[in-house]
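Chains as they are written, first to last, in the working numbering: chain D, 61 to 300; chain G, 389 to 611.
For the record, the hints were derived by calculation from the structure and aren't laboratory data.
Chain G is faced by these chain D residues, among others (derived, beta-carbon under 7 Å):
no.	residue
1	Leu110
2	Asn133
3	Arg136
4	Ser137
5	Gln145
6	Asn147
7	Phe149
8	His151
9	Gly161
10	Lys164
11	Val165
12	Leu213
Mimicking PhoX-like on lysine-lysine, the simulated pairs with C-alpha atoms at most 25 Å apart in a straight line are:
no.	chain 1	residue 1	chain 2	residue 2
13	D	Lys240	D	Lys281
14	G	Lys509	D	Lys164
15	D	Lys164	D	Lys128
16	D	Lys86	D	Lys281
17	G	Lys509	D	Lys128
18	D	Lys167	D	Lys216
Owing to the predicted nature of the structure, the values given are computational and were not obtained by experimental measurement.
Yeah, the Cβ is synthetic: ideal placement off N, Cα and C, and Gly gets one too.
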Amino acid sequence: MIRIENLHKNFGSLEVLKGIDLTISKGEVTVIMGPSGSGKSTLLRCINRLEGITSGKVFIDNQDVADKKTDINFIRSEAGMVFQQFNLFPHMTALANVTLGPRKVRKMPSDKAEKLGRELLGKVGLADKADSYPDHLSGGQKQRVAIARSLALQPKVMLFDEPTSALDPELVGEVLEVMKQLGREGMTMIVVTHEMGFAREVADRVIFMDGGYIIEENTPKEIFTNPQHQRTREFLRSIL
Amino acid sequence: MEMGFDFQYSVMWESVPLLLSGAKLTIIITVFGLVIGFLLGAITGLMKISRNWFVRKLAGLYIECIRGTPIMVQVMFIYFGLPMALGMRIPPMAAGIVAIAVNSGAYIAEIVRGAFQSIEKGQTEAGRSIGLSHLQTMYYVIWPQALRRMIPPLGNQFIISLKDTSLLVVVGVGELTRTGQEIVASNFRAFEVWLTVALMYLVLTLSLSRLLHFLEKRMDINT
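Assemble the whole structure, with the sequences as input and the hints as a guide.
Rendered as structure tokens:
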């Protein structure tokens with residue numbers, strides 16, 4: 061599904077990713093952890109090319125993301141992204157946020173898009189908020205609308221960039237619940253998060269990154285109970 | 389010998405009909421000038437944030453030239469200077485509209501640029517991440533938000549441009565100020581006439597700011 065080969069990313073003279081190799085199969089839920097500045101968000105953003113790639117390859121469904129012949133807009137519509145800061149469109153209702161992609165990218169007629177939009181808002185538990193503007197929603201509600209907005213394009217993979225880090229603690233649960241449900245339904249997901257409970261419950265694999273490298277990867281059970289590397293141990297101790 | 393100032397209220401009333409016809413020209417020049425100026429400003433403002441170096445520099449050159457020279461000189465150049473080079477006369481009204489458009493366009497360009505750049509980067513990223521193209525993201529996501537933020541500074545510029553039309557006296561457009569000048573030349577009641585002229589400008593600018601305030605309320609995203 062996703063194949064990353066020897067990926068390097070520089071910001072000016074700063075090398076943020078120093079050769080990442082990673083393969084993710086269909087239906088797999090992968091959690092990426094690591095200290096801030098370790099390159100985990102950058103890795104995620106290279107997958108849908110929100111960040112350009114310095115060298116190496118990223119393939120989604122065997123399509124080279126960096127190839128000039130690849131329709132990047134199509135690739136992005138197939139790889140939904142959820143941001144730490146939600147990034148809902150503040151001038152549109154929740155429903156309009158969700159239907160924009162289907163209408164403009166998938167060219168779906170308005171009535172069909174609206175039906176899909178309401179369905180997805182229902183799925184994330186916000187059927188009654190369809191006509192609300194983002195400013196009138198709580199952080200957790202905003203993030204759930206953002207998830208529905210990505211799902212509306214029926215993506216093959218969902219990328220989550222610290223989706224609960226900007227939320228008040230009591231709102232984290234409702235967002236994780238939606239994500240867990242997605243994972244159980246078989247969605248391919250790559251999640252940058254420090255939520256160990258989430259990782260334990262739904263992740264097939266946890267990847268620990270530090271300093272631009274993948275230091276260790278394993279099942280959540282193994283990595284949390286029996287980390288192999290000193291840096292992984294230190295990090296896990298620091299977030300507990 | 390003059391025995392003190394004798395305020396003649398009736399002079400104000402008598403000058404109103406003529407001044408109104410001048411005000412009509414002021415409004416026409418302002419409206420046409422600003423509509424063209426807004427288009428010019430929107431285009432150059434977007435050029436200023438283009439990824440193309442040449443396009444950016446071209447927009448910058450226009451903005452710097454206009455902002456760096458007095459509008460009076462621009463008016464004279466367009467009305468007296470350009471016809472020499474073009475070999476044809478430009479009607480005063482047209483010269484006035486062009487002057488207001490070209491002048492306001494430069495300032496509006498900076499307003500447009502600022503409004504676009506003030507929209508969080510995350511908005512563009514969210515638009516692109518659902519598969520919208522660059523242009524679609526600009527049109528559906530960034531522009532509506534930027535437009536809302538432009539309104540207060542645009543209102544400011546609209547009022548400045550409206551008042552700038554008074555400079556067109558130098559090319560003989562019979563707008564409000566010019567009309568005032570002509571009335572004073574015939575009745576010598578400078579106090580009453582200029583007071584009336586000032587009040588009329590005030591009515592025009594106040595109406596304009598009310599209109600913009602109304603627009604701003606209507607575009608409020610949370611109503």
